[in-house]
Amino acid sequence: RLLEVKTKEPLICQVKDLNLDPQRLGLQGSPTQVIEVFEKKIETKGLVLEGSPEELVERLIEILKDKGLIKF
1300 RLLEVKTKEP LICQVKDLNL DPQRLGLQGS PTQVIEVFEK KIETKGLVLE GSPEELVERL
1360 IEILKDKGLI KF
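Anchor point for the sequence shown: position 42 equals 1341 in this note's numbering, and the numbering is continuous, going up by one each time.
Not one of these hints is a red herring.
Derived DSSO-like pairs (lysine-lysine); straight-line CA-CA distance at most 27 Å:
hint, residue 1, residue 2
1, 1370, 1344
2, 1366, 1339
3, 1344, 1366
4, 1364, 1344
5, 1340, 1366
No lab work stands behind these hints: they were computed from the structure.
Build the full structure now, drawing on both the sequences and the hints.
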């Protein structure tokens, strides 16, 4: 079956073959129009913390509280 798929020609359909209203297809038939496409640049900042495990926990809690991610 896999070999059959590799050698078989794809079926190509046009609008006239599908018996559909051309006014409802493609750009003219789309209910939405894309005005602009862009890739959002995401900047991430790393932070290296040093210290004893207890100091690191305290600092991490402080950072998360400052960012509003946790409440104590």
